[in-house]
Amino acid sequence: DAGVTQSPTHLIKTRGQQVTLRCSPKSGHDTVSWYQQALGQGPQFIFQYYEEEERQRGNFPDRFSGHQFPNYSSELNVNALLLGDSALYLCASSWGTFRNSPLHFGNGTRLTVT
Amino acid sequence: AQSVSQHNHHVILSEAASLELGCNYSYGGTVNLFWYVQYPGQHLQLLLKYFSGDPLVKGIKGFEAEFIKSKFSFNLRKPSVQWSDTAEYFCAVKGNDYKLSFGAGTTVTVRA
Numbered sequence: 024d025a026g027v028t029q030s031p032t033h034l035i036k037t038r039g040q041q042v043t044l045r046c047s048p049k050s051g052h053d054t055v056s057w058y059q060q061a062l063g064q065g066p067q068f069i070f071q072y073y074e075e076e077e078r079q080r081g082n083f084p085d086r087f088s089g090h091q092f093p094n095y096s097s098e099l100n101v102n103a104l105l106l107g108d109s110a111l112y113l114c115a116s117s118w119g120t121f122r123n124s125p126l127h128f129g130n131g132t133r134l135t136v137t
Numbered sequence: 347a348q349s350v351s352q353h354n355h356h357v358i359l360s361e362a363a364s365l366e367l368g369c370n371y372s373y374g375g376t377v378n379l380f381w382y383v384q385y386p387g388q389h390l391q392l393l394l395k396y397f398s399g400d401p402l403v404k405g406i407k408g409f410e411a412e413f414i415k416s417k418f419s420f421n422l423r424k425p426s427v428q429w430s431d432t433a434e435y436f437c438a439v440k441g442n443d444y445k446l447s448f449g450a451g452t453t454v455t456v457r458a
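From first to last, the protein sequence lines are chains A and E.
FYI, in the numbering used here the residues of the first sequence are 24 to 137.
FYI, in the numbering used here the residues of the second sequence are 347 to 458.
Just chain E, with the same shape it has in the complex (with noise of 0.2 Å):
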């Protein structure tokens, strides 16, 4: 079974800081990566995925994440954040198994 670390538990930045938010995994074979995000009281929302291909892929709201495969790594990063970022951010993976794995996540608050 794959598991997920996930670097951070909290990170605070201030506004057109950069963000990069590190993650892990353990698992052998072939894995989809998924990073997701929680806005305060919202559903869990996809922010971007990797299946294939290009390693740095490009996510909604400006975000992005690459996928290092010697480093069993699928960091998340944002060149400059904005308040409306504060959020609750989690990594997770899909191995052969088709269960996906979540991190513990990491709670993200931008200050103004």
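Extracted from the complex, chain A is given alone in its bound form (with noise of 0.2 Å):
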């Protein structure tokens, strides 16, 4: 089963630094979004990328940047790191941007700030 895949799984930074997370949505997905979940809360919307082109955003300062690739693939950015921004980035894939269509989670990227 070609779920979702996530790279790193583990990383440290450093304040100021930059990162990059990839993910590799399930096979037959053609969205993907990103999330932000801090310890002992809920994943937050970060933002969705259909067609190469970010579709929704959630309320992430300008630092976090994405893209996504012609083979559905993505990439999450953050500049400026914060110690704030440690956190488990998690990506999901679905099929189109339809209300209705469930999102597939990956395993998520552990980022860590010192």
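Derived by calculation from the structure, the hints in this document are not laboratory data.
The structure presented is a predicted model; accordingly, all values stated were derived computationally and were not measured.
Among the hints, erroneous ones may be present.
[Unchecked claim] Estimated spans, in silico, between C-beta atoms of each pair:
#1 E/Lys407 to A/Gln40: 38 to 46 Å
#2 E/Ala458 to A/Pro93: 46 to 54 Å
#3 E/Gly375 to A/Leu34: 32 to 40 Å
#4 E/Lys404 to A/Phe92: 34 to 42 Å
#5 A/Phe121 to E/Tyr385: 25 to 33 Å
#6 A/Thr43 to E/His353: 33 to 41 Å
#7 E/Ala363 to A/Gly119: 39 to 47 Å
#8 A/Ser88 to E/Pro401: 37 to 45 Å
C-beta atoms are modelled at their ideal positions from N, C-alpha and C, and glycine is treated no differently.
Combine both chains into one complex, guided by the hints.
Structure below.
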């Protein structure tokens, strides 16, 4: 089962640095969404990519940016890292941007900012 | 924008006990409702979903949820839990903006 794969699984960065996280969607899916899950909280929506464009965005600063490639894989970039960016970053894929399209999640990338 | 509230942060119960997790949302329009589960060390998985029709929906592993529109609620239930149901459970709502909003989650610990 070609589920959602994310890399790396863990990452440690220093304040002010930049980080890139990667995601390959489930086979057959063309839409990728990114979520941030802080400790003890539910996932918070960052943005969604479809047809290589950002379609929706949550309440995250411009330091958070992304990209989707022609093969539907995606990257999440965070610039000027802050301690508060430490979290589990989840990628989820779906088919299309329909409201009733269930999301399939990856295992996440654990980012620690020191 | 919609928001989701889960009533319990941590629930501890014994095997064979019944489980009910509360979820309320705030959103005036049409919603799609979901329950996700995250077992220790695993990714978030869809337990069940409600789009329309029968407000009582059945999901995997014996779980069910009831949508009560008048109460803006979507509570999750299981008549008899097993040790393997130990996990974190998230209620989620998708409104007209198509963004999926999650509650803070409820940790369920089932004692053998």
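Against the structure, the hints come out as follows:
no. : hint                             : result
1   : E/Lys407 to A/Gln40: 38 to 46 Å  : holds (42 Å)
2   : E/Ala458 to A/Pro93: 46 to 54 Å  : holds (50 Å)
3   : E/Gly375 to A/Leu34: 32 to 40 Å  : holds (38 Å)
4   : E/Lys404 to A/Phe92: 34 to 42 Å  : holds (38 Å)
5   : A/Phe121 to E/Tyr385: 25 to 33 Å : holds (27 Å)
6   : A/Thr43 to E/His353: 33 to 41 Å  : holds (38 Å)
7   : E/Ala363 to A/Gly119: 39 to 47 Å : holds (40 Å)
8   : A/Ser88 to E/Pro401: 37 to 45 Å  : holds (40 Å)
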